[in-house]
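If you're matching them up, the sequences are chains A and B in order. Counting from 1, one number per residue, gives the positions in the first sequence under full-length UniProt numbering. Counting from 1, one number per residue, gives the positions in the second sequence under full-length UniProt numbering.
Any given hint could turn out to be false.
Claimed, not checked - Across the chosen pairs, the derived CB separations fall in these ranges:
hint, chain 1, residue 1, chain 2, residue 2, range
1, A, Thr261, B, Asp366, 28 to 38 Å
2, A, Arg34, B, Ala438, 24 to 34 Å
3, A, Ala288, B, Gly220, 23 to 33 Å
4, A, Gly388, B, Ala191, 20 to 30 Å
Unchecked claim - Some chain A residues close to chain B (C-beta under 10 Å, calculated; not the full set):
hint, residue
5, Met1
6, Ala4
7, Lys95
8, Thr97
9, Lys161
10, Ala218
11, Leu221
12, Pro323
13, Ser325
14, Arg414
15, Leu427
16, Ile429
Calculated directly from the structure, the hints in this document are not laboratory data. Every residue, glycine too, gets a C-beta built ideally from N, C-alpha and C.
Number of protein chains: 2
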Amino acid sequence: MEAASSDMALNADYGQALALVRAKSVDDVVATMRFAYDHALPVVPQGAMTGINGGANAIDGCILLSVRAMDRVLDIDATNHTVTVEPGIINADLKKTLAEQNLAYPPDPGSMAISSIGGNIATNAGGLCCVKYGVTRDYVREIKVVLPDGTLTRLGRKTAKGVAGLDLCSLFVGSEGTLGVIVEATLEVIALPPEPLTAVATFPTEHEAAATVSAYMATGLRPSLLEFLDGITINLLNNFGDFGLDDSVGAMLIMQSDAPTAASDVERFTEIAEENGALDVAFSDNTADNEALIATRRCVQPANELYARSHGGGQLIEDICIPRSAMPEFFDGLAEIRKETHTTIAVVAHAGDGNTHPSIFYDAKDPQSRAHAEEAFEQILDLGLRLGGTITGEHGIGSVKARWLTKELDEGSRRLHREIKNAVDPLGIANPGKMLGAL
Amino acid sequence: MEAASSDMALNADYGQALALVRAKSVDDVVATMRFAYDHALPVVPQGAMTGINGGANAIDGCILLSVRAMDRVLDIDATNHTVTVEPGIINADLKKTLAEQNLAYPPDPGSMAISSIGGNIATNAGGLCCVKYGVTRDYVREIKVVLPDGTLTRLGRKTAKGVAGLDLCSLFVGSEGTLGVIVEATLEVIALPPEPLTAVATFPTEHEAAATVSAYMATGLRPSLLEFLDGITINLLNNFGDFGLDDSVGAMLIMQSDAPTAASDVERFTEIAEENGALDVAFSDNTADNEALIATRRCVQPANELYARSHGGGQLIEDICIPRSAMPEFFDGLAEIRKETHTTIAVVAHAGDGNTHPSIFYDAKDPQSRAHAEEAFEQILDLGLRLGGTITGEHGIGSVKARWLTKELDEGSRRLHREIKNAVDPLGIANPGKMLGAL
Numbered sequence: 001m002e003a004a005s006s007d008m009a010l011n012a013d014y015g016q017a018l019a020l021v022r023a024k025s026v027d028d029v030v031a032t033m034r035f036a037y038d039h040a041l042p043v044v045p046q047g048a049m050t051g052i053n054g055g056a057n058a059i060d061g062c063i064l065l066s067v068r069a070m071d072r073v074l075d076i077d078a079t080n081h082t083v084t085v086e087p088g089i090i091n092a093d094l095k096k097t098l099a100e101q102n103l104a105y106p107p108d109p110g111s112m113a114i115s116s117i118g119g120n121i122a123t124n125a126g127g128l129c130c131v132k133y134g135v136t137r138d139y140v141r142e143i144k145v146v147l148p149d150g151t152l153t154r155l156g157r158k159t160a161k162g163v164a165g166l167d168l169c170s171l172f173v174g175s176e177g178t179l180g181v182i183v184e185a186t187l188e189v190i191a192l193p194p195e196p197l198t199a200v201a202t203f204p205t206e207h208e209a210a211a212t213v214s215a216y217m218a219t220g221l222r223p224s225l226l227e228f229l230d231g232i233t234i235n236l237l238n239n240f241g242d243f244g245l246d247d248s249v250g251a252m253l254i255m256q257s258d259a260p261t262a263a264s265d266v267e268r269f270t271e272i273a274e275e276n277g278a279l280d281v282a283f284s285d286n287t288a289d290n291e292a293l294i295a296t297r298r299c300v301q302p303a304n305e306l307y308a309r310s311h312g313g314g315q316l317i318e319d320i321c322i323p324r325s326a327m328p329e330f331f332d333g334l335a336e337i338r339k340e341t342h343t344t345i346a347v348v349a350h351a352g353d354g355n356t357h358p359s360i361f362y363d364a365k366d367p368q369s370r371a372h373a374e375e376a377f378e379q380i381l382d383l384g385l386r387l388g389g390t391i392t393g394e395h396g397i398g399s400v401k402a403r404w405l406t407k408e409l410d411e412g413s414r415r416l417h418r419e420i421k422n423a424v425d426p427l428g429i430a431n432p433g434k435m436l437g438a439l
Numbered sequence: 001m002e003a004a005s006s007d008m009a010l011n012a013d014y015g016q017a018l019a020l021v022r023a024k025s026v027d028d029v030v031a032t033m034r035f036a037y038d039h040a041l042p043v044v045p046q047g048a049m050t051g052i053n054g055g056a057n058a059i060d061g062c063i064l065l066s067v068r069a070m071d072r073v074l075d076i077d078a079t080n081h082t083v084t085v086e087p088g089i090i091n092a093d094l095k096k097t098l099a100e101q102n103l104a105y106p107p108d109p110g111s112m113a114i115s116s117i118g119g120n121i122a123t124n125a126g127g128l129c130c131v132k133y134g135v136t137r138d139y140v141r142e143i144k145v146v147l148p149d150g151t152l153t154r155l156g157r158k159t160a161k162g163v164a165g166l167d168l169c170s171l172f173v174g175s176e177g178t179l180g181v182i183v184e185a186t187l188e189v190i191a192l193p194p195e196p197l198t199a200v201a202t203f204p205t206e207h208e209a210a211a212t213v214s215a216y217m218a219t220g221l222r223p224s225l226l227e228f229l230d231g232i233t234i235n236l237l238n239n240f241g242d243f244g245l246d247d248s249v250g251a252m253l254i255m256q257s258d259a260p261t262a263a264s265d266v267e268r269f270t271e272i273a274e275e276n277g278a279l280d281v282a283f284s285d286n287t288a289d290n291e292a293l294i295a296t297r298r299c300v301q302p303a304n305e306l307y308a309r310s311h312g313g314g315q316l317i318e319d320i321c322i323p324r325s326a327m328p329e330f331f332d333g334l335a336e337i338r339k340e341t342h343t344t345i346a347v348v349a350h351a352g353d354g355n356t357h358p359s360i361f362y363d364a365k366d367p368q369s370r371a372h373a374e375e376a377f378e379q380i381l382d383l384g385l386r387l388g389g390t391i392t393g394e395h396g397i398g399s400v401k402a403r404w405l406t407k408e409l410d411e412g413s414r415r416l417h418r419e420i421k422n423a424v425d426p427l428g429i430a431n432p433g434k435m436l437g438a439l
């Protein structure tokens, strides 16, 4: 039970659970929720426990309710392009199953090899492909959920369109277990996209890279991936694996296009990168090379963790999403925050969406180092809000950012959140304290 | 006030309003809602009054609150591809303003020349382009709403992604004025798409056309438009204008592709139509011809109204959305319903989305004719639900289908709807009776 009491958040507390239920069926979930309701016991729904904000962490006296073992594909409808799954299935496993039928479920969070679809829905997970293909919510047509009192209900619809009633399906997407437990989902799928072309551009500083992103996205062309890595991140990657990236540069952009116009898209990207001061732009249409490059990009978090472990173990991960045009200003602000708080901050970003992930490192055994990191964390959240952004683009609130949610939402919205939470979960047993806990 | 008491629904009752407020500003809306809240008076929010289910109809003793005069474009952000507008702006006017900057707001309900963006959001309006570009909800990033007690709040976010809190923005999209009044919206826009190629295929019966749609969509290719017209609709169009359509056929499909692969898309469509028994397939890359054809398609409702006026004036419009693969079966069921109820039913459909609009004609002065039409209406709704569909793909519930919503939603969902409505609008003054009135 101890092992099931915390997700992958590095800096979130967790409590002492009463019990762990490993549900194998919808009936198990219904029975658990009824019991919890009858005894007014808090329930923490859990999937693959890969969240990084403590959303699935135990709280004192709770029932941990894992749906990880409910991992079947219930139906693939290749004609209507939908798939119906249980919530415990791992994102990458679903992708593999669909690929056999030339179908794809696009959302690809960094955690896709280890995170579950139920967790992806509960956090409205994003990823690298969002810049073209959108986020989890865009693919969820219908869900079955068990409400706090144990009632099983169906929200949304299986059809391409539908406006019958309030959009309660979207309300539950991203609700982080605070309204009920997702036990089944029907997702839209698409035809498997073709292999992309890839361009890699390097820049003297973050500024030129950010300006390139803003200018390229303003053309209206939709890359299938547009990732940013700052110089520190490139260095940490080279330390992690023998990747041989040019770590003398200030920033790097990886751009892909899987459109029929990929060749001209990549050409246009090159022009814009060069206009904005790129040091170098390279291309590849070699699938193996491209996959290796994206795999390298997906090593950023392990590389950051390796660095953290050898520097006192502390890491705070941000998830600021800002308007793309504000990215140069964001990096200016970040430079000041680094200076003022004496912190090392590495930045990777889903740049096409303006979704940045600064990682703040600190020595967990040094209270002053931790305090500096926390100060930087707060200042970055403030900076993001000041630039018209949000405190979380895709990771969610969990327990780590619950206090910050009150800064982003206005009083009317906070009240609405409380009223709706109370209406759906009057006993307050559905993942209490998480996301909405400070509102 | 009488003129402002009913929308374009042909068969919805309306009551006697107390007052009509023509708001010119957010403050006007706030003041009106505060007054209504203090006096527990029902408020019916209104845009351009073009809905067809009575959603904006007066109820006895209500305040009609029109935001039609709030029609400014507040900001166009061409770099970040967003536009911020007041709710009263007409959809087509917004499109025109954006086109000057090579930008587009895709959602294109049949009513786009006359309907307002606020109304489009309140009903989550669809249209012809949805098959590729999605519905209104997919473009709404942030809204400002005035809650039933007069509180102004901001829901959603302006950034490309964001998961801070519950998705209350989506909850208000499609809520038909039952939760509050939308007073501002920030919408995602895209680069103006290129001119499409067009193909027109004719078929001996609806069956071959429906099978073509299902097979073409299963390829994963995304047409930018895929419309179905049955033989009766084609005849009514020819009677309405001198369109010269071949009205000896059983059905017609209009397909467009604006993709870089348009030429091969149209070719593939032709192959599939021929494999499925098309009588004829014609193409066009002539912009004027294509626009004329789509303008003809957009005449379906006026053509139907002309027919209705010369046949007793009655028309019931359905909005069933079903899985595309169920369309052949749907037409079988429809044929039986026609026979059993002795009704004339013309069908147009956004076929790529499985969204069908059967129009049932009747003599409004003949109670038996009306009873037959109502029987057909109910049977078609039943048929849609039986085939895994929804009673409304894009028109909404309003007052006309409120009773039917109880059939589509299960008990858990109905309860959730009631709880959330009561939480947000405890006095029940926001468009009472509409959409949620029978739950």
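Hint by hint, here is what the structure shows:
Judged by the Cβ atoms, the range 28 to 38 Å given for Thr261 of chain A and Asp366 of chain B is violated: they are separated by roughly 58 Å. Checked against the given bound of 24 to 34 Å, the beta carbons of Arg34 of chain A and Ala438 of chain B, roughly 28 Å apart, stay inside it. One distance hint, 23 to 33 Å for the beta-carbon pair Ala288 of chain A and Gly220 of chain B, holds here, with the actual separation near 25 Å. With their beta carbons about 22 Å apart, Gly388 of chain A and Ala191 of chain B fall inside the hinted range of 20 to 30 Å.
Evaluation of the Met1 of chain A hint against chain B yields a violated restraint, the C-beta minimum of about 29 Å exceeding 10 Å. At a threshold of 10 Å, the smallest CB-CB gap from Ala4 of chain A to chain B is about 24 Å, leaving the interface hint violated. Taking 10 Å as the C-beta contact cut-off toward chain B, the hint placing Lys95 of chain A at the interface is violated, the least distance being around 16 Å. Nearest Cβ of chain B to the Cβ of Thr97 of chain A: about 17 Å, over the 10 Å cut. The hint is violated.
Of the supplied interface hints, the one on Lys161 of chain A holds, with its beta-carbon coming within about 4 Å of a beta-carbon of chain B, less than 10 Å. Annotation: Ala218 of chain A was flagged as interfacial toward chain B, and the flag holds, the nearest CB pair being 5 Å apart, inside 10 Å. Taking 10 Å as the C-beta contact cut-off toward chain B, the hint placing Leu221 of chain A at the interface holds, the least distance being around 8 Å. Interface hint at Pro323 of chain A: satisfied, since its Cβ lies 5 Å from the closest Cβ of chain B, which is below the 10 Å cut-off.
Taking 10 Å as the C-beta contact cut-off toward chain B, the hint placing Ser325 of chain A at the interface holds, the least distance being around 4 Å. Of the supplied interface hints, the one on Arg414 of chain A holds, with its beta-carbon coming within about 9 Å of a beta-carbon of chain B, less than 10 Å. Residue-level restraint check for Leu427 of chain A is violated (minimum Cβ-Cβ distance to chain B is 13 Å; threshold 10 Å). At its closest, the beta carbon of Ile429 of chain A sits 15 Å from a beta carbon of chain B; the interface hint therefore is violated under the 10 Å criterion.
In summary, the numbered hints that this structure violates are 1, 5, 6, 7, 8, 15 and 16.
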